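As you go down the protein sequences, you meet chains A and B in turn. Under this note's numbering, the first sequence has 5 at position 5, and the numbering climbs by one with no breaks. If you want this note's numbering, it's the position in the second sequence, counting the first as 1, plus 1000.
In short, the hints are calculated from the structure, not lab data. In this text, all values refer to a predicted model and were calculated from it rather than measured experimentally. Just so you know, even glycine gets a beta-carbon here, dropped at the ideal spot from N, CA and C. Honestly, I wouldn't trust all of these hints.
To be verified - Here are some chain A residues pointing at chain B (derived, C-beta under 7 Å):
no., residue
1, L88
2, L103
3, G104
Stated by the list, open to error - Beta-carbon label-pair distances, calculated as ranges:
no., chain 1, residue 1, chain 2, residue 2, range
4, B, R1106, A, V94, 21 to 27 Å
5, B, L1032, A, P29, 24 to 30 Å
6, B, G1033, A, G79, 56 to 62 Å
7, B, R1074, A, V94, 26 to 32 Å
8, B, R1030, A, L83, 54 to 60 Å
9, B, D1026, A, A30, 34 to 40 Å
10, B, R1030, A, L48, 37 to 43 Å
11, A, L48, B, V1105, 53 to 59 Å
12, A, L74, B, G1033, 36 to 42 Å
13, B, R1106, A, A40, 36 to 42 Å
14, A, V94, B, T1048, 19 to 25 Å
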Amino acid sequence: MTGTAQPSERDRTTGTFRPAGVTVLRPHPAISLVLHRRSAAVAATLLLLLAVAMTAAACFGQTYISPAEVWHTLRTGSGQYELVVLELRVPRIVLGALVGVALGLAGRSCRPSPGIRWPVRM
Amino acid sequence: MLPFLVAGALLVLACARGLDALALGDETARALGHRVGVVRVCAALGATLLVASAVAAAGPIAFVGLAVPHLARRLTSGGHRSLLPLSALLGAALLVAADVAGRVVRSPAEVPAGVMTALVGVPVLVVLVRRKGTAV
Chain A
1 MTGTAQPSER DRTTGTFRPA GVTVLRPHPA ISLVLHRRSA AVAATLLLLL AVAMTAAACF
61 GQTYISPAEV WHTLRTGSGQ YELVVLELRV PRIVLGALVG VALGLAGRSC RPSPGIRWPV
121 RM
Chain B
1001 MLPFLVAGAL LVLACARGLD ALALGDETAR ALGHRVGVVR VCAALGATLL VASAVAAAGP
1061 IAFVGLAVPH LARRLTSGGH RSLLPLSALL GAALLVAADV AGRVVRSPAE VPAGVMTALV
1121 GVPVLVVLVR RKGTAV
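Based on the sequences and whatever the hints tell you, model everything.
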């Protein structure tokens, strides 16, 4: 949508033309998934950032709990930090992530590409 | 809250193609075979459900919905089928990070996550508004 227009690419397996920057996955002859390569790379990076943020959220607080101890508590469901990790921090992390997802999606669905009119009139 | 959140997310994701077409203008979207009114209503209804469940669960969180879509737009060139999931991921990462930051900066006191997101969101918004030739 933004940036310079690129010529379409010829799909090597079928010989048909596809928009630039797209890979078509065919796990099965009846299934084809169009993958936008740049978006997939950005998504992988964001997932990594989310994992880092979640780990930090589980570790930091009034008392610091090391990642190894958090992992131990999650795996066994018991131990010294059971209350703090399972009852206080994990629910808060899940809630934060869900609310973030909701607000991100809602914001996007009310916003157009730059320079173009709003999808939802306000 | 979860059923409303899931319903809103599905509704918004379902009209991703419609939003792509709508970005070209009403007449073009109609010419491409999209029902413009239906897409608008679905997008607005989905967004309403999402924001309602978010506020009910966590209270007012400022500027995530405002700044995240613009950041996502800068990160990729894909259409809404890429943009919507990326906005969701970015929103989640930003909010969890803001929550941690709020707990760490004035420890043992806590800064609300909504204040932390505003601290990040306001500069982003100012940069976007000041940039010429870009609709906000």
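A quick look at each hint next to the structure:
With a cut of 7 Å, the hint placing A/L88 at the interface with chain B is violated, because the nearest CB-to-CB distance is about 11 Å. A cut of 7 Å between beta carbons decides the hint on A/L103: the least distance to chain B is about 4 Å, and the hint holds. At about 2 Å, the closest approach between the beta carbon of A/G104 and any beta carbon in chain B falls short of 7 Å, and the interface hint on this residue holds. Taking the beta carbon of each, B/R1106 and A/V94 are about 24 Å apart, inside 21 to 27 Å as hinted.
Checked against the hint of 24 to 30 Å, the C-beta distance between B/L1032 and A/P29 comes to roughly 29 Å, which is consistent with it. For the hinted restraint 56 to 62 Å between B/G1033 and A/G79, the CB-CB distance of approximately 58 Å keeps it satisfied. For B/R1074 and A/V94, the hinted distance range of 26 to 32 Å is satisfied, since their beta carbons lie about 28 Å from each other. The hint said 54 to 60 Å for the Cβ distance between B/R1030 and A/L83, and at roughly 58 Å that hint holds.
For B/D1026 paired with A/A30, a C-beta distance near 36 Å keeps the hint of 34 to 40 Å intact. Restraint check, B/R1030 to A/L48: a C-beta distance of roughly 41 Å satisfies the suggested window 37 to 43 Å. Taking the beta carbon of each, A/L48 and B/V1105 are about 23 Å apart, not inside 53 to 59 Å as hinted. Evaluation of the 36 to 42 Å hint for A/L74 and B/G1033 yields a failure: the beta carbon distance comes to about 49 Å.
Under the hint 36 to 42 Å, the C-beta atoms of B/R1106 and A/A40, about 38 Å apart, fit the expected range. Remark: the range hint 19 to 25 Å for A/V94 to B/T1048 is upheld by a beta-carbon distance near 23 Å.
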